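Novice: What follows is the residue order along each chain.
There are 2 protein chains.
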Amino acid sequence: MILENISSNKLFEGWHKQYTHSSSVLNCEMRFAIYLPPQASSNTPVPVMYWLSGLTCSDENFMQKAGAQKLAAELGIAIVAPDTSPRGENVTDDSNKAYDLGLGAGFYVNATQAPWNKHYQMYDYIVNELPQLIEANFPVTKERVISGHSMGGHGALTIGIRNPDLYQSMSAFSPICNPINCAWGQKAFSAYLGDNIEEWKAYDSCELLANHKKHQPILIDQGSNDSFLQDQLKPESLTAIADSKLNIFQLNIREGYDHSYYFISSFIESHLRFHAVNLGLIKNS
Amino acid sequence: MILENISSNKLFEGWHKQYTHSSSVLNCEMRFAIYLPPQASSNTPVPVMYWLSGLTCSDENFMQKAGAQKLAAELGIAIVAPDTSPRGENVTDDSNKAYDLGLGAGFYVNATQAPWNKHYQMYDYIVNELPQLIEANFPVTKERVISGHSMGGHGALTIGIRNPDLYQSMSAFSPICNPINCAWGQKAFSAYLGDNIEEWKAYDSCELLANHKKHQPILIDQGSNDSFLQDQLKPESLTAIADSKLNIFQLNIREGYDHSYYFISSFIESHLRFHAVNLGLIKNS
Numbered sequence: 382m383i384l385e386n387i388s389s390n391k392l393f394e395g396w397h398k399q400y401t402h403s404s405s406v407l408n409c410e411m412r413f414a415i416y417l418p419p420q421a422s423s424n425t426p427v428p429v430m431y432w433l434s435g436l437t438c439s440d441e442n443f444m445q446k447a448g449a450q451k452l453a454a455e456l457g458i459a460i461v462a463p464d465t466s467p468r469g470e471n472v473t474d475d476s477n478k479a480y481d482l483g484l485g486a487g488f489y490v491n492a493t494q495a496p497w498n499k500h501y502q503m504y505d506y507i508v509n510e511l512p513q514l515i516e517a518n519f520p521v522t523k524e525r526v527i528s529g530h531s532m533g534g535h536g537a538l539t540i541g542i543r544n545p546d547l548y549q550s551m552s553a554f555s556p557i558c559n560p561i562n563c564a565w566g567q568k569a570f571s572a573y574l575g576d577n578i579e580e581w582k583a584y585d586s587c588e589l590l591a592n593h594k595k596h597q598p599i600l601i602d603q604g605s606n607d608s609f610l611q612d613q614l615k616p617e618s619l620t621a622i623a624d625s626k627l628n629i630f631q632l633n634i635r636e637g638y639d640h641s642y643y644f645i646s647s648f649i650e651s652h653l654r655f656h657a658v659n660l661g662l663i664k665n666s
Numbered sequence: 382m383i384l385e386n387i388s389s390n391k392l393f394e395g396w397h398k399q400y401t402h403s404s405s406v407l408n409c410e411m412r413f414a415i416y417l418p419p420q421a422s423s424n425t426p427v428p429v430m431y432w433l434s435g436l437t438c439s440d441e442n443f444m445q446k447a448g449a450q451k452l453a454a455e456l457g458i459a460i461v462a463p464d465t466s467p468r469g470e471n472v473t474d475d476s477n478k479a480y481d482l483g484l485g486a487g488f489y490v491n492a493t494q495a496p497w498n499k500h501y502q503m504y505d506y507i508v509n510e511l512p513q514l515i516e517a518n519f520p521v522t523k524e525r526v527i528s529g530h531s532m533g534g535h536g537a538l539t540i541g542i543r544n545p546d547l548y549q550s551m552s553a554f555s556p557i558c559n560p561i562n563c564a565w566g567q568k569a570f571s572a573y574l575g576d577n578i579e580e581w582k583a584y585d586s587c588e589l590l591a592n593h594k595k596h597q598p599i600l601i602d603q604g605s606n607d608s609f610l611q612d613q614l615k616p617e618s619l620t621a622i623a624d625s626k627l628n629i630f631q632l633n634i635r636e637g638y639d640h641s642y643y644f645i646s647s648f649i650e651s652h653l654r655f656h657a658v659n660l661g662l663i664k665n666s
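One line per chain: the protein sequences are A and B, in this order.
The first sequence begins at 382 in this note's numbering and counts up one residue at a time.
The second sequence begins at 382 in this note's numbering and counts up one residue at a time.
So that you can see chain A by itself, here it is in the shape it has in the complex (with noise of 0.2 Å):
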């Protein structure tokens, strides 16, 4: 496969990159962005933090608001960021362009329904295809975390849970827990992945935790003042769950914060040092 490299800015000593590069899983162009802190070097690979973006964004929101790359040039992380969905002109999109279903609304899930089903395959491209491009191509180890927003929260902790030997500890912010039971999930999944509901579950955060038996570490931050917190987020359903399964399990409501990046830029230190712990990184976060 080859990368095209498309942007470079140094900052925090490391290098922020966006690459564009043909993806065999989802028959498109796709662009992801990495950040490579200094110490990043064949000599010294460091392991990667994949962000999953939520509704609408997509590599750049992350790597633009979150203020995250200063503690990961610290402790000597990767980050890379990922789109929200395939994308281009050949891409299905909803036929109104809803903000909640097709393109920036991929939903990390392997579409099985046409016409999604042609370009719609997040879940491959984010556990497959896009780990081994970064691992073949940049100096990281195989070792990965992965956090994400909103509908990327959903993307990282179904993906985390599904895959215990590949992603170390999983974190969220605002994450959609129970997608099969809020309006979102049920819009996007329907579309995707048809009218059965068993199919659906593959991709619950909360049927994923009660059915699975090895768990890596889980961190959730949620606002308090967060507008979709009741109707579509629902970390309350996890945390009945996860309480009586997972050794480390910890949801922190922070009052009076919202869904925005402003919220996830006051506490992306406490997850990146959260990672860090669970790969040995630090030993305290």
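Careful, some of the hints might be misleading.
The list cannot tell twin chains apart, which means a pair is met if one copy fits it or any two copies do.
Each computed DSSO-like pair below joins lysine-lysine, with the alpha-carbon atoms no more than 30 Å apart [stated by the list, open to error]:
1. Lys398 with Lys451
2. Lys594 with Lys568
3. Lys499 with Lys446
4. Lys499 with Lys626
5. Lys664 with Lys451
6. Lys568 with Lys398
7. Lys626 with Lys478
8. Lys499 with Lys582
9. Lys478 with Lys595
10. Lys398 with Lys594
11. Lys478 with Lys499
12. Lys499 with Lys594
13. Lys626 with Lys398
Since the hints were derived computationally from the structure, they do not count as laboratory data.
Since the model is a prediction, treat every value here as computed from it, not as a measurement.
Once you've looked at the hints, dock chain B against the given chain A.
Specialist: Chain B alone, transformed into the frame defined by chain A:
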């Protein structure tokens, strides 16, 4: 003057808020953003750093991308980010919609030439009207420092140098240091101020620094890989004058960094600490 609050986001235990108001100086409705650190209250008002953005920017770029609020919250400094020009359908724009003249390109001057002089009075807006509004409506002191980027770095230096009793220190990222001798400045100044170059000198940092007597400390950061460095920014012109005039003048050339907010985010904390020292909030930066 009436302020209308149009957004509020909690971050780092303080608040980011946007407001609109009718500006009598600019003859239009304006928007600005303010970050109030958690310490700010009527009993414990805090000093203000005014941030002037560069070409094409609004009040949002710095607040979303610079990562300044974490340390501002620790130090107890409010940040005010105004827009970069008068705004609205009735405000004259460049006939070619150029990015470097008209909307988004006020250059922090008081225009004397028609049709610009009806609205483009950004110098008076930044020095007088906006601070009066801020000081009347928020828990802040009258202590001010000023910083900015590119066109806004030019604004911060010229406004600071011309008003030594109003601003305790100045800083800039990649400032246009000698606008009367670069294409950006010559284009804007000839439109806004007319053909008499003597009039331009009131808005040129090099001219001002050479001819004024009392100067506050100045900190400048400049990326060595900034594509505008040689033709537009010319920090060496300022250094040649400043070194003989100021006790405290620091120009840092940052190897490999460019003109972007990734550069700003990498060094904004050193600017906040510099201003905090000059405000007496901390002893050493």
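Novice: Work down the list of hints and note, for each, if the structure agrees.
Specialist: These are the hints, each one checked on the structure:
1. In this assembly of identical chains, the alpha carbons of Lys398 and Lys451 lie at most 30 Å apart whether taken from the same copy (15 Å) or from different copies (25 Å).
2. In this assembly of identical chains, the alpha carbons of Lys594 and Lys568 lie at most 30 Å apart only when taken from the same copy (29 Å versus 67 Å across copies).
3. Within a single copy, Lys499 and Lys446 get their C-alpha atoms no closer than 32 Å, and across copies no closer than 36 Å, so neither meets the 30 Å cut-off.
4. Taking CA atoms no more than 30 Å apart as the test, Lys499 paired with Lys626 passes in neither setting, with 37 Å inside one copy and 67 Å between copies.
5. Proximity of Lys664 to Lys451 under the C-alpha cut-off of 30 Å is found in both arrangements, the shortest distances being 19 Å within a copy and 24 Å between copies.
6. Neither within a single protomer nor between protomers do Lys568 and Lys398 lie at most 30 Å apart by alpha-carbon distance, with minima of 34 Å and 33 Å respectively.
7. In this homomeric assembly, Lys626 and Lys478 never come within 30 Å of each other (Cα to Cα): the closest approach is 40 Å inside a single copy and 60 Å across copies.
8. For a Cα distance limit of 30 Å, the shortest separation of Lys499 from Lys582 inside one copy, 21 Å, qualifies, whereas the shortest one across copies, 62 Å, does not.
9. Proximity of Lys478 and Lys595 under a CA criterion of 30 Å is satisfied in neither setting, with 39 Å inside one chain copy and 59 Å between copies.
10. In this assembly of identical chains, Lys398 and Lys594 lie within 30 Å of each other by CA distance neither inside one copy nor across copies; the values are 38 Å within and 45 Å between.
11. When the C-alpha separation of Lys478 and Lys499 is checked against a cutoff of 30 Å, the pair qualifies only within one copy, where the shortest distance is 18 Å, while the shortest distance between copies is 41 Å.
12. Taking CA atoms no more than 30 Å apart as the test, Lys499 paired with Lys594 passes in neither setting, with 32 Å inside one copy and 70 Å between copies.
13. For the homomeric pair Lys626 and Lys398, neither the shortest alpha-carbon distance inside one copy (39 Å) nor that between copies (41 Å) is at most 30 Å.
The earlier numbered hints that this structure contradicts are 3, 4, 6, 7, 9, 10, 12 and 13.
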